[in-house]
Amino acid sequence: MIINETNTTELDTNSTLGTESPFIPLQFTSFKLTEEERLLVIFICGAIVMVVTVATVCLVTECCWLFQSGQWKKKDATLKTPLMDFSLPPHYTTSTVQKCHSEFYLDRLQKLSKNSVHSMLPLNSQLDPYNIPGEYRDMDDANYGQVTFSLRFASKDKATTGQLCILLKEAQDLPPKPYGGACDPYIIIKLYLLRNRHQKIKQSSVPFCVFQSSVKKKTRHPLFMENFVVSASKSDLKICVARFFIYDSDKYANDTELGECIIYLKDYYLWKNPQTEQQTIDLIEPQEDKGKLCLGLTYLPTAQRVTFTIVQADHLKLTPENPAHFAPFVRVLMLCRGRIVQKRKTNVCRGSSFPVFNEVLVFDLPPSELENVLFVVIVSENGGGSNCSMEDPTISSCQKKHHVGKIILGKYAKGRALEHWTAMKQSPRKLLTYWHTLC
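For the sequence shown, our numbering gives the first residue as 81, with consecutive numbering after it.
Everything labelled a hint here was simulated from the structure, so no lab data went into it.
Please read all numbers here as calculations on a predicted model, not as lab measurements.
None of the hints are false.
If you anchor each label on the Cβ, the simulated ranges turn out as follows:
1. Glu451 with Leu274: 45 to 51 Å
2. Leu511 with Ser294: 44 to 50 Å
3. Pro446 with Pro403: 41 to 47 Å
4. Pro508 with Leu274: 51 to 57 Å
5. Gln292 with Ser230: 15 to 21 Å
6. Asp362 with Met305: 17 to 23 Å
7. Pro287 with Val428: 28 to 34 Å
8. Ser294 with Ser230: 15 to 21 Å
9. Lys236 with Leu398: 43 to 49 Å
When the alpha-carbon atoms are kept at most 27 Å apart in a straight line, the in silico DSS-like pairs for lysine-lysine are as follows:
10. Lys270 with Lys314
11. Lys280 with Lys318
12. Lys491 with Lys372
13. Lys331 with Lys491
14. Lys425 with Lys491
15. Lys257 with Lys298
Ideal placement from N, C-alpha and C gives every residue a C-beta, glycine not left out.
Produce the complete structure using the sequences and hints provided.
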């Protein structure tokens, strides 16, 4: 019994300790918003949703001014991208000549890769997607000047023959000299007899009469006032064609043709009206084809050298009567401030109007003189036995009739030649090969 009482006492003690446990349950108080606070929360949420919606619409739709502003910024960034980030397609390789059009440049402009060796576009400081090479530009706005003259036919009463008089008065607005500055112009007039008005005057056509004016020094507006007379019949006046050629006298190479024009004497009715009033005719681009020359340019700024790679020529105009005696070669003159400072030439390639040279001519040229020099590439002919002296490469030592054509490279160059020169400066240590038309 004692043992039972003891156990009962322990159980009661444990029960008493359990009721006095130190753990007290947590009590939560309720959180309530006033009417004004609920309206404020709803207003803030609605404003956030509205801002997000407006921003999304403006970035997606084209009508928003934010979208248009972003597009203009992207366009400006594209136009201001440096040129050297683009690579342009090859202009020419020695195995094939590629024919490209302006649409090719516009379509491929954004797809070009880096480190291009060749270039057809003018290399400006910034890339202009609408700057197409000069060969593919519209040349309708080119101005070649004008020539002024008058015609007169003097004959006796009822005579079928008489004197055709051409009074050459002046020329205006002639192009400048290829080397820069005013030209030294003169005019050649050739008279042809053509039965058909639509018949073309070929290079092999022989005129029945040729006149040449005097040379006027350093002027683009020469005053000639020269009279040329030839015997002609009234029937000849109906089929006679006069062709005017304006040339610039050149000291080192062949004379440069500045422009030409053709007039049909039938249009002036000289057999009815003995004298015509003064006529002014616009000159057009020269039509004479002297051939083409393929050459490469490389500039080495560290070595301070310009390298000319004379590859080949094509369809050169034959100067001697016997084609077997035709012996072309290429001379390159480097002019600085109007004076010859260096000159090189290739070997003679005999008996072909399609000569292949494959020769390299090297000129010393520091970078500081790149903008001051001018290169004259001259295709000459040595078949007549007259050697051109490299010590004195002027017309006195090498007659003009032995010059086929020339190319001007440098700051005064135009068209393809200027593109080639600019590409060489913008792409040093790279060989750039172009075809050039001789002038």
